[in-house]
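In case you want the letters, here they are:
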Amino acid sequence: MTPSFLIGQYISTGSVIHRLDPRIKLVMVFIFVFIVFFANHLYSYVLFSTFVIVVALATKIRLSYILKGIMPVGIFLLFTFFLHVVMTNEGQALLTIGPLTIYTGGVIRGIEISVRLFLLVFFTSLLTLTTPPMAITDGLEKLLSPLKKVGVPVHEFALMVSITLRFIPTLMEETDKISKAQASRGVDFRSGSLKSRAYAVVSLLIPLFISSFRRADDLALAMEARGYRGGEGRTNIRALILQKRDYVAMILYGLMILLFIFVQS
Amino acid sequence: MSWIEFRHVSFRYHENEPWVLDDVSFVVQSNESVALIGKNGSGKSTIAKLMIGLLQPQAGEIFIDGQIVNEETIWDIRSQVGLVFQNPENQFVGTTVYDDVAFGLENLAVPREEMTHRIERSLQQVGMLAYRDREPHDLSGGQKQRIALASVLAVEPKILLLDEATSMLDPHGTESINQLFRQLKREQNMTHVTVTHDTEEVMYADRVLVIDQGKIAEDCTPRQLFCRQELLDEYGLRIPFIVELTNELYKQGISLDDPMNHKELLDQLWTFHLTE
Amino acid sequence: MDISFNRVSYIYQQGTPFEHRALKDISFSLNKGEWLAIVGHTGSGKSTLLQHLNGLRQPTEGEVKVGDFHLSKKNRPKDMKQLRKHVGVVFQYPEHQLFEETVQKDLLFGPKNFGIDESEFETRVHNALAAVGLHEDVLERSPFELSGGQKRRVAIAGVLVTDPQILVLDEPTAGLDPMGQKEIMDMFYHLHQTKGRTTVSVTHDMEMAFTYADRIIVLENGQKLIEGTPHELTQQETLLQQAKLDLPERISFVNKWNQRNSSQLDETMPISELAQKISQELKEIKDQ
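Respectively, the protein sequence lines represent chains F, V and A. Quick note on numbering: full-length UniProt numbering labels position 13 of the first sequence as 13, and the sequence is numbered without any gaps. Quick note on numbering: full-length UniProt numbering labels position 229 of the second sequence as 229, and the sequence is numbered without any gaps. Quick note on numbering: full-length UniProt numbering labels position 280 of the third sequence as 280, and the sequence is numbered without any gaps.
In short, the hints are calculated from the structure, not lab data. No experiment lies behind these values; they were computed from the predicted model shown. Note that the Cβ used here is the ideal one computed from N, Cα and C, for glycine as well. Please note that a few of the clues may not be correct.
[Claimed, not checked] Rough simulated footprint, nothing fancy, chain V against chain F, three-plus residues with beta-carbon under 8 Å: (1) 21 to 27; (2) 39 to 47; (3) 66 to 77; (4) 228 to 234.
[Said to hold, decoys possible] Just some of the chain V residues that point at chain A, by a computed CB distance under 10 Å: (5) LYS39; (6) SER167; (7) GLU175; (8) LEU269.
[Unchecked claim] Listed next, the in silico DSS-like pairs over lysine-lysine satisfying Cα-Cα at most 27 Å (straight line): (9) LYS244/A / LYS256/A; (10) LYS244/A / LYS286/A; (11) LYS251/V / LYS277/A; (12) LYS180/F / LYS74/A; (13) LYS24/A / LYS177/F; (14) LYS65/A / LYS195/A; (15) LYS49/V / LYS151/A; (16) LYS105/A / LYS74/A; (17) LYS180/F / LYS256/A; (18) LYS180/F / LYS224/A; (19) LYS180/F / LYS73/A; (20) LYS112/A / LYS65/A; (21) LYS286/A / LYS251/V; (22) LYS177/F / LYS81/A; (23) LYS244/A / LYS263/V; (24) LYS32/A / LYS105/A; (25) LYS263/V / LYS277/A; (26) LYS74/A / LYS177/F; (27) LYS105/A / LYS81/A; (28) LYS142/F / LYS244/F; (29) LYS182/A / LYS283/A; (30) LYS283/A / LYS263/V; (31) LYS180/F / LYS32/A; (32) LYS286/A / LYS263/V; (33) LYS32/A / LYS81/A; (34) LYS283/A / LYS180/F; (35) LYS177/F / LYS277/A; (36) LYS256/A / LYS286/A; (37) LYS224/A / LYS24/A; (38) LYS73/A / LYS177/F; (39) LYS286/A / LYS177/F; (40) LYS180/F / LYS81/A.
Using the sequences and the hints given, assemble the complete structure.
See below:
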């Protein structure tokens, strides 16, 4: 059971991008999200596009998969594009349809915004494609760990996320089983009146809730039996230690940003 | 000194409800292997949970190696008693095999070097080292139970507690866990307690406690239990084929020395006819 | 209703990197009133096969016929509900499908979905409860306050209540103690015998397959490895081992005994008789 689109789905190829420290990758994505909105020069877009494509190739994941994965966002991109085209009243008028007049400024802004969003989504999807969800959680936990001092439950939050991730496939399987069982008892999830479909969903949700509660109960017992009593005084098996490749990646990324600043000014 | 002792233990989940366990007393010696059997709902799983302090009795006391089980001692007790539960899915905490085995060690604040070492050793013991980076949804039920066992072994407990650990597995998974369990019994000095309704597994225990309606109905050896058909019927237990055939052969004047499997039975029959 | 599978294959997620062929070229047929056991190890494809019996899945290749219903890649019966009304499926841990406030409402879930006439509700509920051996006192109770064994029975009654002509069983006794297992299986056997219901049980329990089935199909890696009567299967120990399946203990022992002593003991005889025969043969060997 795999979702039909690839957003957030990890694909293992063992490339150098996969092996980078998740913290490095997270920080890079954060910085990218920030700077991409400062880009307003054609060369900046060329620079970013080249950068993103080089990284994508380095992941060894087929480009068509990556693009297929971000397709659902395409609709959103188109929508933003048209919104800008229609709402902007700058530059020369290009054509008029009824009450609407389209200006060159609108088209340019539309393209700019779409390209920015596209780059952003593309780069972020590279993070999730090359980093297992658990590594992202680890990276976040480590990056946010200074917040522990001011009483933010960073460990508990990370554990919560990791347990959620761990049980997603289990719950998907469970949903599949229960919906099959109810379908065998004559439920039709696809057609019927709104009321009968709502009832169909209830016949799926209640068993699912009950089983999730039972699992949560069992899991809590199992964790307690294995000596879990909160984040205090625990050690952690997952060590994140920066490797040579991480430093190299940081330097390359820094150079890219310097180049960007140079191009912009 | 005894390893596990129940002294007049009574337990129920809520007031006004019938007792799940009613004045239960027994002792399990160090390195002994004991099977707790009984019908569904007889209270046998409650005993396992009480031993590790997941439940507290309303009356009576429980001792693990002379140390009373209570709020203050449970964390220490839990590092000495390893419990494998019934449902393979619901006791897998980590996102990968490796993380899951690490979980208990992390809780005990074991230093990282030591952890790596212990995780590898325990995964080796259960024959799952090659699966260290697998995620739980890639594993069969039997494999998950092996990991659960490895997680417990990594903590190096003195008592190993199996609470119907094979009842949700297919025959293949059941057999692999049972074999592993027997091997651990031979190779390691540990006290073993199995809560089960699998009578095949009972054959390998030193002693059997039959639990019925919250009380210890019988405390005997597997052999004694299997000789009494009326007991087996009363508590809803199925007699293993080997034992039943051995009993029937005895009625035919062929007395054998408790064969445990087909090969032993055939070999004994062979020597029997030679010496007779 | 008869069932037939004609060169059925099923492929999961065809055309993706996760593509997986779960059933390969399966053919068999089953007559009304027969009990067929489909045996296989976890991952052998038996669950996928089961889901073809009431149209939860459609074959990627080949054709499945259940009575007058034909299922193939292109052909999905329009009256799928009618098919599902006639084919009752008891899934593993069926109590997980309970959801209504009362047992009565849960039992009527199926009949309402299938549009069964309300005037029949009372007798149907009555019969279904009787079949699973539950008292009518439970009707007004919440299914969630019942014991584990009772829940299982209510869930099974929820399938029987539509009076299906074909009963499909997917490990219906998983997690029960030996006594509970025998009670539930005997109950299904009784329904099979008295009502002439066609029964397909999907299991990894050879003991169960040998006790109840007229015919057994062994699946391995999505392929049909063996098909035969329980007696025919007793001679296939090596093939079974390939599918990681063991013959029931008694049969495997009798096989070993027969091999070692080149004798011809019948594996179906009661154990007391078996012991007698063995002791006789031992004496004969000694006398020689």
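These are the hints, each one checked on the structure:
1. 21 to 27: violated (count 0)
2. 39 to 47: violated (count 0)
3. 66 to 77: It is violated, with 0 qualifying residues against the three required.
4. 228 to 234: holds (count 4)
5. LYS39: holds, 5 Å
6. SER167: This interface hint holds because 6 Å falls under the 10 Å limit.
7. GLU175: holds, 8 Å
8. LEU269: holds, 7 Å
9. LYS244/A / LYS256/A: Between LYS244/A and LYS256/A the Cα gap is close to 18 Å, so the pair holds against 27 Å.
10. LYS244/A / LYS286/A: With Cα atoms ~37 Å apart, LYS244/A and LYS286/A exceed 27 Å; violated.
11. LYS251/V / LYS277/A: holds, 13 Å
12. LYS180/F / LYS74/A: holds, 21 Å
13. LYS24/A / LYS177/F: Holds, because 23 Å separates the two Cα atoms, which is no more than 27 Å.
14. LYS65/A / LYS195/A: holds, 22 Å
15. LYS49/V / LYS151/A: With Cα atoms ~24 Å apart, LYS49/V and LYS151/A stay inside 27 Å; holds.
16. LYS105/A / LYS74/A: Violated: LYS105/A and LYS74/A sit about 37 Å apart, past 27 Å.
17. LYS180/F / LYS256/A: Violated. LYS180/F to LYS256/A sits at ~43 Å, over the 27 Å cutoff.
18. LYS180/F / LYS224/A: holds, 24 Å
19. LYS180/F / LYS73/A: holds, 19 Å
20. LYS112/A / LYS65/A: Cα-Cα ~26 Å, so holds.
21. LYS286/A / LYS251/V: Cα-Cα ~19 Å, so holds.
22. LYS177/F / LYS81/A: holds, 18 Å
23. LYS244/A / LYS263/V: holds, 19 Å
24. LYS32/A / LYS105/A: Judged against 27 Å, a Cα distance of about 31 Å means the pair is violated.
25. LYS263/V / LYS277/A: holds, 19 Å
26. LYS74/A / LYS177/F: Distance of about 24 Å is within 27 Å: holds.
27. LYS105/A / LYS81/A: holds, 20 Å
28. LYS142/F / LYS244/F: holds, 19 Å
29. LYS182/A / LYS283/A: It is violated: about 37 Å lies between the C-alpha atoms, which goes past 27 Å.
30. LYS283/A / LYS263/V: holds, 20 Å
31. LYS180/F / LYS32/A: At roughly 25 Å apart (the allowed maximum being 27 Å), LYS32/A and LYS180/F satisfy the hint.
32. LYS286/A / LYS263/V: Distance ~20 Å between LYS286/A and LYS263/V Cα, so the pair holds.
33. LYS32/A / LYS81/A: holds, 20 Å
34. LYS283/A / LYS180/F: violated, 58 Å
35. LYS177/F / LYS277/A: Since the Cα atoms of LYS177/F and LYS277/A sit roughly 49 Å apart, the hinted pair is violated (cutoff 27 Å).
36. LYS256/A / LYS286/A: Holds, at about 19 Å.
37. LYS224/A / LYS24/A: holds, 8 Å
38. LYS73/A / LYS177/F: holds, 22 Å
39. LYS286/A / LYS177/F: Given pair LYS286/A, LYS177/F is violated - Cα atoms ~59 Å apart, limit 27 Å.
40. LYS180/F / LYS81/A: OK: LYS180/F and LYS81/A at ~13 Å, within 27 Å.
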